[in-house]
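Participant: This is what each chain is made of:
Number of protein chains: 4
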Amino acid sequence: MGWIEQSLMARQGVAGGKEGARHSITIEDQGQFHYVYGPYVDPVITVAPGAVVTVETHDAFEGKITSETDKPTEILTFPFLNPQTGPIAVEGAEKGDCLAVYIRSIKPRGPQPVGTTCLLPEFGGLVGTGQTALLNAPLPEKVKKLKVDENGVYWSDRITLPYEPFIGTIGTSPEIEAISSLQPDYYGGNMDLPDVGPGSIIYLPVNTRGALLYLGDCHAVQGDGELCGVALEMPATVEIQIDLIKGHTIGWPRLETADFVMTIGSARPMEDAARIAYRELVRWVATELGVGEDEAYLLLTMCGKVRVGNMVDPKYTLGASIAKKYLG
Amino acid sequence: MGWIEQSLMARQGVAGGKEGARHSITIEDQGQFHYVYGPYVDPVITVAPGAVVTVETHDAFEGKITSETDKPTEILTFPFLNPQTGPIAVEGAEKGDCLAVYIRSIKPRGPQPVGTTCLLPEFGGLVGTGQTALLNAPLPEKVKKLKVDENGVYWSDRITLPYEPFIGTIGTSPEIEAISSLQPDYYGGNMDLPDVGPGSIIYLPVNTRGALLYLGDCHAVQGDGELCGVALEMPATVEIQIDLIKGHTIGWPRLETADFVMTIGSARPMEDAARIAYRELVRWVATELGVGEDEAYLLLTMCGKVRVGNMVDPKYTLGASIAKKYLG
Amino acid sequence: MGWIEQSLMARQGVAGGKEGARHSITIEDQGQFHYVYGPYVDPVITVAPGAVVTVETHDAFEGKITSETDKPTEILTFPFLNPQTGPIAVEGAEKGDCLAVYIRSIKPRGPQPVGTTCLLPEFGGLVGTGQTALLNAPLPEKVKKLKVDENGVYWSDRITLPYEPFIGTIGTSPEIEAISSLQPDYYGGNMDLPDVGPGSIIYLPVNTRGALLYLGDCHAVQGDGELCGVALEMPATVEIQIDLIKGHTIGWPRLETADFVMTIGSARPMEDAARIAYRELVRWVATELGVGEDEAYLLLTMCGKVRVGNMVDPKYTLGASIAKKYLG
Amino acid sequence: MGWIEQSLMARQGVAGGKEGARHSITIEDQGQFHYVYGPYVDPVITVAPGAVVTVETHDAFEGKITSETDKPTEILTFPFLNPQTGPIAVEGAEKGDCLAVYIRSIKPRGPQPVGTTCLLPEFGGLVGTGQTALLNAPLPEKVKKLKVDENGVYWSDRITLPYEPFIGTIGTSPEIEAISSLQPDYYGGNMDLPDVGPGSIIYLPVNTRGALLYLGDCHAVQGDGELCGVALEMPATVEIQIDLIKGHTIGWPRLETADFVMTIGSARPMEDAARIAYRELVRWVATELGVGEDEAYLLLTMCGKVRVGNMVDPKYTLGASIAKKYLG
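Residue numbers (this note's numbering), protein chains in the order written: chain A, 1 to 328; chain B, 1 to 328; chain C, 1 to 328; chain D, 1 to 328.
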């Protein structure tokens, strides 16, 4: 029996972690993509807990960067970036519940070279930006297109990178806000966290009726921090299984794999993202072990792990985790 | 002849800085307040440039905290905080234009004690918060109600504070986002900057057709930083005069008084708010004086001033300014 | 009777705020300047509380930048920057005491143009630096020399800036550390806070026997934040009066003028400097008014002021202040 | 042939990565520990490149916390914390060189329970501190003593943590500063980075004649970030092999293992530590691969890894790394 049967999703979900009806959302079904996470649009489909949904996502540039000689600044129009598929409404979901999304697979979709990365002026972790606003001249734009398949990412003759796909942007709608899909926050969004890949379950707070799940921005591979601001972006076909945990209120996204549980914080400065993630984890561990927060705090000092998702988005994203073996 | 006639508003505004038609928005006209800055609602009125509008605003708690024995956490419901009057649509305003709002007067409105301040758990500049997420126990809640009139704010028998009112939250709608009225950003919003008071003109970027001006959250008096997160909140009657500068694109709010011009940045960490404000000012000064950015940078090193608006909101707000006399 | 007689220095100082013996330290007396604040050198003089000392300071570049065509990077040698006069040992000073330094006058010293400012690569508030380490190309170096007298700073034909001198760097020795004079911290140092000028008293924690007061880095004028990293640097003749408050332990520098009292914090990110300054002030005000910290916190929310000293040094410096009239 | 023979140390070191003379420093040899990293003391020994030195270190509390009922605040005296063994002078080392320290083994030393962790008031990643200065009440003090051997760390009946020892504090002397051993910076110091363990080589900039290597503060195990501010502290016996690379100037510490190379940055806010580490790595990778910085920047966006050392010290420490296989 696999770990999924022992997961929080399976133990507490309305569908008990079991597969329900199958659905799909193609690019054509979607029609108009969305550039904000909000409640002001109609769902593209409504599903019951347990639903397995095959979702086609576009790349973060909506496929507009087609060649290494393209100039992104001439092609892209802010704020119409990072197009999202959805929202998917989930029956029975209400504010205060928790949505569980088990990521079953992520496959590259479309003609080769399917992967795109680039340097954009005033965007990225090692340049002045709109927020870290400086007088230095920006770096020149640059586009790189890479062949990708499920065996690897072909950087150069010498270097093949692993195919380690994940969903860069996934989350639920805020209650009354509609926030750019470029931003991560308490509801998920543009977290750019490599752990959000096949074989993991992401748990998201439900803030409004139906939860309204959006996703997009798949990456074929990405280093910690998504250093230049753009990973290896690709259009993808994602298979997810959705479950719903009633009355399970979480403040920030959480993640579960076979081996560990993780809490995810997004904020600036970066230490605040770390504080959010670790405070959530302290409280989770204290509950799981039946000990005080001080004891959980000391234990995580010994064995907590931190993953830097992005250090480039409007908020930075970090995940804090603990191996399940310590939660016995 | 006063400085208004020489202001950017008068020199470049569609209405030439002159008064046009008079309008008013009472609490009853408003009906439902708004808790986000966004384009997904209908304007409460539409006005032409030059319009003088008398606007009734509610306090940041929508008047729900009526006594010093109230428990804010039992009364307030997140995210329905900081109610905004508006939006006011402005004829002819389009993305890329600049809205000029001359603040003519701010008067306290309602029964005494009209002013409210309080300590809210996990909110404020000197406590752990949702973002600076800590394990320390929060401070106890506390409410303080103060009598206010146009001569002063009556803190205690011994201490009378000046009546120095300003608009805590004012801004235009983002293009496609709808963002909590608790947040300040490039479009204005919850800046909590004491300079946004009677006798000043605030310039705001227009991001969407009609500009969609919101305002609320007037403060009778506030120190730099709005230290505990809540100033002296009061319902108010505000008189503003609106003008429109076509094709004048600004990235962040600006402010003009008889004596100085200011640029306003909002970000975390605080140095990024300062960087935004000062970079905008460097560029403005360079243009005004017809010198290079390096020369403007050096000049502001000698005579730039910084005002801390808030150090408590989701983004911190700082204004950077230079005396007009140096712009000759 | 002036405010000095009512100052903390006069009320609690060993010398009662009264002038004692006169001393002087010329450049020749000093001989070797110091580039760290530390206890590992001998004092240049030892004085009793009450001492009035005339101190010659060098400019932050030790006079090596003599012309607008100089290349600072070819002339300056890190870490031998920001030369300090001193240390001055104070008789009877011990760890846990407080040193009071009343600044009586600051006069420019040396041949005209006496004032120097410049752009240094990878240093300043609006460029990538060694800490905010970026890949952008640095701005070109640039030197500007300005004539200065006690009537003004002569920027250009059109612009005369006020002569508003202050001591950029002043502080006591740490107990066992020796820290670069480029850095501000709990013991003072390179705070670059314009309030540290004639007519103010700065209070500094004593960390080691004799206190070991260093000073240097006088500025003829400076805007808030010392934006490009270099104010108008000048060699100066400073007259200070030193007093000692026994058993008065402070965690961070404080400042008193005729009108206000201020606490000074230095840290990164900038909000931490603000938190330090305001927490110190909350506690000071609570003690002065005999109220709880929560009441002082609320009062400062209404009337606290913040001054940004530097936003360029290894730690940023902010001062938080309250008008004395509120302290009764 | 092992990776050591291919390491930078072996390829460029004066001793060619080969073992030289054997030395030892016992606690008795050391006598007085040091609490600053600086040039103002005599070396305890002087060694030639290649030297293998067995060093006894004390725990961060100098062994003063002996029982779980101890009150650290009554026992510890700031700034006499984190005692360091050394300094070790290295023959021929001069400013601009690079010291290579290969960590051969770390063994717990002393009576059981040898490991100590604790909660200290106003210190740690999830509480208000002296820098993130807040009004919240501190958490209660708490001490935990744990049995440790080379097979594990015995947390509870249920939980055994791995024995993953490393040197919490190691570095060279600054040129003229003497900085608290509680702080990490460009010369190393209190980095609290778990990668600095057996089987790795740490490279440190030489800032002064003889390099003056200090070390101490060994940890038996630690999670990412050293969350509460105190890892599992233990007295240890460390065996290191020292080499010297002449004329190899590095700005920040670097680390090499069999599998990856890492650059280490320390700063606040945390994103600045990440920027430092990644900028250093971009430049290193660009040099190794013979490509431009832009290409190295893009490659690290795909495959860079980040390790959070500490999020509690006066500066936060992060390491950025790349697998050696990509450097071919």
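Worth flagging that the hints you see were computed from the coordinates, not collected in a lab. Note that the coordinates shown come from a computational prediction; the quantities given were computed from them, not determined experimentally. Be careful, since some hints might not be right.
What the hints assert, rightly or not - Below, in silico cross-link-like pairs of lysine to any residue (SDA-like), each with a Cα-Cα straight-line distance of 20 Å or less:
(1) D:K142 to A:A286
(2) A:K64 to A:F80
(3) A:K95 to B:I75
(4) D:K325 to A:T160
(5) C:K305 to C:R283
(6) B:K324 to C:I159
(7) C:K142 to B:G50
(8) D:K325 to D:E164
(9) A:K142 to A:E164
(10) A:K95 to B:E295
(11) C:K95 to C:I159
(12) D:K324 to A:L76
(13) A:K145 to A:D195
(14) D:K107 to D:A15
(15) D:K95 to D:T237
(16) D:K324 to A:T160
(17) D:K142 to A:K71
(18) C:K18 to C:E239
(19) D:K95 to D:G199
(20) C:K325 to B:E295
(21) D:K145 to D:G130
(22) D:K107 to D:P138
(23) B:K145 to C:E239
(24) D:K142 to A:L289
(25) B:K305 to C:D195
(26) A:K71 to A:K18
(27) A:K324 to D:P162
(28) B:K147 to B:S67
(29) A:K64 to A:A48
(30) D:K325 to A:F260
(31) A:K142 to D:V291
(32) A:K325 to D:E164
(33) A:K71 to A:T129
Participant: For every hint, state whether the structure bears it out.
Facilitator: Hints, one by one, checked against the model:
Straight-line distance between C-alpha atoms of K142 of chain D and A286 of chain A comes to about 16 Å, which keeps the hinted pair within the 20 Å bound. Between K64 of chain A and F80 of chain A the alpha-carbon distance is near 12 Å, which keeps this suggested pair within the 20 Å criterion. For the suggested pair K95 of chain A and I75 of chain B, the alpha carbons sit about 19 Å apart, so the restraint of at most 20 Å is met. Restraint check for K325 of chain D and T160 of chain A: satisfied, since their Cα atoms lie roughly 10 Å apart, inside the 20 Å limit.
The suggested pairing of K305 of chain C with R283 of chain C holds, with an alpha-carbon distance near 16 Å, which does not exceed 20 Å. Between K324 of chain B and I159 of chain C the alpha-carbon distance is near 11 Å, which keeps this suggested pair within the 20 Å criterion. With a CA separation close to 46 Å, the supplied pair K142 of chain C and G50 of chain B exceeds the 20 Å bound. A hinted pair counts as satisfied when its Cα atoms are at most 20 Å apart, and K325 of chain D with E164 of chain D does not qualify at roughly 25 Å.
Taking the CA atoms of K142 of chain A and E164 of chain A, the gap is about 23 Å. The hint is violated against a cut of 20 Å. With a C-alpha separation of about 54 Å, the suggested pair K95 of chain A and E295 of chain B falls outside the 20 Å cut-off, and the hint is violated. Restraint check for K95 of chain C and I159 of chain C: the C-alpha separation of about 47 Å exceeds 20 Å, so the hint is violated. Proximity of K324 of chain D to L76 of chain A is assessed by CA-CA distance (about 36 Å); at most 20 Å being required, the pair is judged violated.
The suggested pairing of K145 of chain A with D195 of chain A is violated, with an alpha-carbon distance near 24 Å, which exceeds 20 Å. Straight-line distance between C-alpha atoms of K107 of chain D and A15 of chain D comes to about 26 Å, which puts the hinted pair past the 20 Å bound. A hinted pair counts as satisfied when its Cα atoms are at most 20 Å apart, and K95 of chain D with T237 of chain D does not qualify at roughly 29 Å. Pair hint K324 of chain D plus T160 of chain A holds up; C-alpha atoms about 13 Å apart against a cutoff of 20 Å.
Pair hint K142 of chain D plus K71 of chain A does not hold up; C-alpha atoms about 58 Å apart against a cutoff of 20 Å. Among the hinted pairs, K18 of chain C with E239 of chain C is consistent with the structure: their alpha-carbon atoms are about 15 Å apart, no more than 20 Å. Under the criterion of a C-alpha separation no larger than 20 Å, the hint pairing K95 of chain D with G199 of chain D is inconsistent with the structure, at around 27 Å. Of the pairs offered as hints, the one joining K325 of chain C and E295 of chain B is violated, with about 40 Å between alpha carbons and a cut-off of 20 Å exceeded.
For the suggested pair K145 of chain D and G130 of chain D, the alpha carbons sit about 26 Å apart, so the restraint of at most 20 Å is broken. Restraint check for K107 of chain D and P138 of chain D: not satisfied, since their Cα atoms lie roughly 34 Å apart, outside the 20 Å limit. Distance check on the hinted pair: K145 of chain B and E239 of chain C sit about 48 Å apart at the alpha-carbon level, beyond 20 Å; violated. Pair hint K142 of chain D plus L289 of chain A holds up; C-alpha atoms about 19 Å apart against a cutoff of 20 Å.
Of the pairs offered as hints, the one joining K305 of chain B and D195 of chain C holds, with about 13 Å between alpha carbons and a cut-off of 20 Å not exceeded. Under the criterion of a C-alpha separation no larger than 20 Å, the hint pairing K71 of chain A with K18 of chain A is inconsistent with the structure, at around 46 Å. Restraint check: the Cα-Cα separation between K324 of chain A and P162 of chain D comes to about 14 Å, which is no more than 20 Å; the hinted pair holds. For a cut-off of 20 Å, the pair hint linking K147 of chain B to S67 of chain B stands: about 12 Å separates their Cα positions.
For the hint pairing K64 of chain A with A48 of chain A, the CA-to-CA distance comes to about 34 Å; that exceeds 20 Å, so the pair is violated. At roughly 27 Å between alpha-carbon atoms, K325 of chain D and F260 of chain A are farther apart than 20 Å, so this suggested pair is violated. The straight-line distance between the Cα atoms of K142 of chain A and V291 of chain D is roughly 14 Å, inside the 20 Å bound, and the hint therefore holds. Our distance criterion of 20 Å between C-alpha atoms is met by K325 of chain A and E164 of chain D, whose separation comes to about 17 Å.
Of the pairs offered as hints, the one joining K71 of chain A and T129 of chain A holds, with about 18 Å between alpha carbons and a cut-off of 20 Å not exceeded.
The structure shown violates the earlier hints numbered 7, 8, 9, 10, 11, 12, 13, 14, 15, 17, 19, 20, 21, 22, 23, 26, 29, 30.
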